[in-house]
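Student: Read off the chains here:
Number of protein chains: 2
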Amino acid sequence: MDNYEELLTKLLEKLAPTDQIQPTKLTDNQQIPVGISNRHIHLSQQEVDKLFGQGYQLTKLKDLSQPGQYACKETVMICGPKGAIEKVRILGPVRKQTQVEILQSDSFKLGVKAPLRLSGDLAGSGNITLIGPKGSAEISEGVVVAKRHIHMLPAEAVRFGVHDGQAVTIEFSGERGGSLSNVIIRAVENSGLECHIDTEEANALGITPNTKIVIKK
Amino acid sequence: MDNYEELLTKLLEKLAPTDQIQPTKLTDNQQIPVGISNRHIHLSQQEVDKLFGQGYQLTKLKDLSQPGQYACKETVMICGPKGAIEKVRILGPVRKQTQVEILQSDSFKLGVKAPLRLSGDLAGSGNITLIGPKGSAEISEGVVVAKRHIHMLPAEAVRFGVHDGQAVTIEFSGERGGSLSNVIIRAVENSGLECHIDTEEANALGITPNTKIVIKK
Numbered sequence: 001m002d003n004y005e006e007l008l009t010k011l012l013e014k015l016a017p018t019d020q021i022q023p024t025k026l027t028d029n030q031q032i033p034v035g036i037s038n039r040h041i042h043l044s045q046q047e048v049d050k051l052f053g054q055g056y057q058l059t060k061l062k063d064l065s066q067p068g069q070y071a072c073k074e075t076v077m078i079c080g081p082k083g084a085i086e087k088v089r090i091l092g093p094v095r096k097q098t099q100v101e102i103l104q105s106d107s108f109k110l111g112v113k114a115p116l117r118l119s120g121d122l123a124g125s126g127n128i129t130l131i132g133p134k135g136s137a138e139i140s141e142g143v144v145v146a147k148r149h150i151h152m153l154p155a156e157a158v159r160f161g162v163h164d165g166q167a168v169t170i171e172f173s174g175e176r177g178g179s180l181s182n183v184i185i186r187a188v189e190n191s192g193l194e195c196h197i198d199t200e201e202a203n204a205l206g207i208t209p210n211t212k213i214v215i216k217k
Numbered sequence: 001m002d003n004y005e006e007l008l009t010k011l012l013e014k015l016a017p018t019d020q021i022q023p024t025k026l027t028d029n030q031q032i033p034v035g036i037s038n039r040h041i042h043l044s045q046q047e048v049d050k051l052f053g054q055g056y057q058l059t060k061l062k063d064l065s066q067p068g069q070y071a072c073k074e075t076v077m078i079c080g081p082k083g084a085i086e087k088v089r090i091l092g093p094v095r096k097q098t099q100v101e102i103l104q105s106d107s108f109k110l111g112v113k114a115p116l117r118l119s120g121d122l123a124g125s126g127n128i129t130l131i132g133p134k135g136s137a138e139i140s141e142g143v144v145v146a147k148r149h150i151h152m153l154p155a156e157a158v159r160f161g162v163h164d165g166q167a168v169t170i171e172f173s174g175e176r177g178g179s180l181s182n183v184i185i186r187a188v189e190n191s192g193l194e195c196h197i198d199t200e201e202a203n204a205l206g207i208t209p210n211t212k213i214v215i216k217k
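Same order as they appear, the protein sequences are chains A and B. Residues 1 to 217 (the UniProt record's numbering) are what the first sequence spells out, left to right. Residues 1 to 217 (the UniProt record's numbering) are what the second sequence spells out, left to right.
Be careful, since some hints might not be right.
Unchecked claim - What the simulated footprint calls covered on chain B by chain A, stretch by stretch (three residues with Cβ under 8 Å from a Cβ of chain A suffice, anywhere in the stretch; the number is not a length):
#1 95-105
#2 199-212
What the hints assert, rightly or not - The calculated SDA-like cross-link candidates involving lysine to any residue, where the alpha carbons are at most 20 Å apart (straight line), are:
#3 A/216 to B/217
#4 B/217 to A/171
#5 B/147 to A/131
To be clear, the hints were calculated from the coordinates, so they are not data collected in a lab. The C-beta atom is built at its ideal place from N, Cα and C for all residues, glycine as well.
Please work from the sequences and hints to get the whole structure.
Tutor: If you want it as structure tokens, here you go:
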């Protein structure tokens with residue numbers, strides 16, 4: 001009986017994952033889907049009221065990858081001293097403060113300031129005028145270029161060996177390959193694993209919605 | 001007198017560049033200016049005739065960094081099945097074949113094919129319609145997204161330790177830093193030292209006209 005147990009133990013040891021197998025599995029697990037954002041707006045109810053009428057409710061068009069987030073049917077025009085851009089998509093639900101996320105090239109076209117910021121970090125950011133079907137709204141701050149970031153659960157951060165707030169580098173191969181530094185880890189509960197970059201970053205590096213991101217650190 | 005000579009030799013040795021000083025000088029020499037291109041067009045005389053009238057001569061507005069190249073006063077509209085872009089700058093002088101260099105995002109907006117190509121490599125590239133003040137011209141090929149490249153003299157290539165046609169990587173620091181791979185060395189006579197990227201690449205990496213490029217290889 002002792003012999004059987006010894007044999008069983010040895011067999012189990014042989015069958016157990018070895019150090020040589022683990023890295024491969026880990027690599028597969030470490031691919032992160034990418035979400036490519038064009039310019040868009042998050043509105044507060046105060047600005048929804050001004051642009052679409054008192055008590056107006058935004059209409060969900062399509063769910064986004066982050067739980068509870070969605071693209072709305074409604075769009076607005078955004079205007080700066082040098083130009084305007086029509087049909088900028090609104091993302092819901094409404095937020096405490098209106099946030100206008102534009103491309104770096106839009107900031108030149110519109111003639112507005114748009115510092116590179118993480119979502120919600122709006123103090124001292126740019127001002128702009130929004131035009132809706134029922135009125136306009138001038139916001140004194142809230143215009144930013146989104147700082148690239150990766151959404152993940154705290155448990156996923158442990159798996160990737162990173163922590164909330166950490167700046168990492170991501171790498172890409174291909175004809176227009178390269179790397180992007182200062183990609184901020186946003187590890188909070190109720191997150192969908194996704195790396196968020198804007199269309200200029202995607203185009204510059206040849207990144208498409210099918211590209212898988214790998215953290216290089 | 002021998003003593004003076006010996007002393008002089010020793011003094012000169014002390015004053016001569018040491019191994020510790022040289023790398024700094026070399027680094028300064030290895031900084032490359034950047035030229036950031038927006039969408040633009042090189043026209044053949046055949047298309048100039050169609051768009052601006054028979055025998056029309058383009059008007060120089062401003063010299064560019066590459067010897068003999070200049071921005072013209074004239075612009076045209078470019079039209080694809082999905083959209084049009086007005087006021088696209090013409091660069092002179094006229095070339096053998098018309099070449100339309102657009103951004104990746106323009107190709108989506110216009111609905112046209114625009115493969116990533118070096119200047120002049122136009123076989124099988126995209127088609128588009130050009131609209132000028134005196135007529136329109138449909139080109140069956142010539143629409144590309146410019147492949148990033150570095151112009152330099154053959155002597156400069158020797159100094160940088162690279163050769164014509166080589167693909168190198170360039171690196172950037174800063175808030176939106178990173179690297180761009182597959183930057184092609186174009187080492188021919190009568191070149192001005194300059195790294196050419198487009199506005200999407202510049203915006204994605206936080207590159208401005210004052211940024212100096214360093215080849216990482």
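Student: It remains to establish, for every hint, whether it holds in the given structure.
Tutor: Each hint, compared with the structure:
Interface restraint, the segment 95-105 of chain B with chain A: holds (3 residues with C-beta to C-beta distance below 8 Å; minimum three). Only residues whose C-beta sits within less than 8 Å of a C-beta in chain A count toward coverage, and the segment 199-212 of chain B has 7 of them, enough to reach three; the restraint holds. Distance check on the hinted pair: residue 216 of chain A and residue 217 of chain B sit about 18 Å apart at the alpha-carbon level, within 20 Å; holds. Distance restraint check for residue 217 of chain B and residue 171 of chain A: the Cα-Cα separation of roughly 16 Å lies within the 20 Å cut-off, and the hinted pair is therefore satisfied.
Between residue 147 of chain B and residue 131 of chain A the alpha-carbon distance is near 38 Å, which puts this suggested pair outside the 20 Å criterion.
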